[in-house]
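All chains, full assembly: derive it from the sequences and hints.
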Amino acid sequence: MSSSSTSRLPAAEVTGVYGAIIKVFAKKMMGRVPESVGVLWNNPAVMKDAMGIGRKTEGWKELDSDFASYAGMAAAATVGCSFCLDFNYFIGHNNGLDATKIRQVPRWREATVFSPVERRVMEYAEAASQTPPAVTDELSDALLADLGAPALVELAARVAFMNMSARMNVALGIRSEEFADACGLPPLAQRSATPDAAQSAA
953 MSSSSTSRLP
963 AAEVTGVYGA
973 IIKVFAKKMM
983 GRVPESVGVL
993 WNNPAVMKDA
1003 MGIGRKTEGW
1013 KELDSDFASY
1023 AGMAAAATVG
1033 CSFCLDFNYF
1043 IGHNNGLDAT
1053 KIRQVPRWRE
1063 ATVFSPVERR
1073 VMEYAEAASQ
1083 TPPAVTDELS
1093 DALLADLGAP
1103 ALVELAARVA
1113 FMNMSARMNV
1123 ALGIRSEEFA
1133 DACGLPPLAQ
1143 RSATPDAAQS
1153 AA
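First residue of the sequence shown: 953, per my numbering; consecutive thereafter.
In short, the hints are calculated from the structure, not lab data.
Check before you lean on any hint, since a few could be wrong.
With a cut-off of at most 20 Å between alpha-carbon atoms, the simulated DMTMM-like pairs for lysine to aspartate or glutamate come out as follows [claimed, not checked]:
| hint | residue 1 | residue 2 |
| --- | --- | --- |
| 1 | Lys1053 | Glu1090 |
| 2 | Lys1053 | Asp1001 |
| 3 | Lys1013 | Asp1098 |
| 4 | Lys975 | Asp1001 |
| 5 | Lys975 | Glu965 |
| 6 | Lys1000 | Glu987 |
Label-pair distances were calculated between CB atoms; the ranges are [what the hints assert, rightly or not]:
| hint | residue 1 | residue 2 | range |
| --- | --- | --- | --- |
| 7 | Glu1130 | Glu1014 | 44 to 50 Å |
| 8 | Ala1101 | Asp1050 | 25 to 31 Å |
| 9 | Glu1130 | Ala1101 | 38 to 44 Å |
Note that the Cβ used here is the ideal one computed from N, Cα and C, for glycine as well.
Here's what the structure looks like:
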């Protein structure tokens, strides 16, 4: 499913020096330029600044990289951003993450492949992505003991950035462009229960 047929805005032509750089970078990373780039290019200033924040997050190193990936995907699943889930699954695979685990992130509550700490990280990401945020003192205290204060701050910030990206994509109608399918990855597991439903079934 491509953004050209599902987004709420027509794709603009990506032009100029910065546009050329984006296209080269996208082709190197993904093999092609996502159609969603044209949608965001309707406002190049917003796209540039959003990408700038994204690049800066790559320099944050207090939080374990696997935890960061799982948290981002759990946040995207909570918001319902299929583009974010597909893209991060594709990137996680390319970065050597355990494919068995990463494809189960959307159903982490039911999956048995995650450690207790990984599950708390995704619970935090999910809770922080609700409206209003639903992070409890108990969960925060447990992760403070698990990760330490610097990593917990980074976790909160990464989830917040994913929410910005995911909510913008969903609002604009940007959906999965099937990068994971194109490189032969098995499909992501489907989110099977809301937190309330999962808790009541436990």
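Now the hints, each set against the structure:
1. Pair hint Lys1053 plus Glu1090 does not hold up; C-alpha atoms about 25 Å apart against a cutoff of 20 Å.
2. Taken as a hint, the Lys1053 and Asp1001 pair is broken in the structure, with Cα atoms around 31 Å apart against an allowance of 20 Å.
3. For the given pair, Lys1013 sits about 16 Å from Asp1098 by alpha-carbon distance, which is consistent with the 20 Å threshold.
4. The suggested pairing of Lys975 with Asp1001 holds, with an alpha-carbon distance near 16 Å, which does not exceed 20 Å.
5. Between Lys975 and Glu965 the CA atoms are separated by roughly 11 Å; this keeps the pair inside 20 Å, and the hint holds.
6. Among the hinted pairs, Lys1000 with Glu987 is consistent with the structure: their alpha-carbon atoms are about 16 Å apart, no more than 20 Å.
7. Distance hint check: the CB atoms of Glu1130 and Glu1014 are about 33 Å apart, inconsistent with the given range 44 to 50 Å.
8. Distance hint check for Ala1101 and Asp1050: the Cβ-Cβ separation is about 27 Å, which falls inside the suggested range of 25 to 31 Å.
9. The hint said 38 to 44 Å for the Cβ distance between Glu1130 and Ala1101, and at roughly 39 Å that hint holds.
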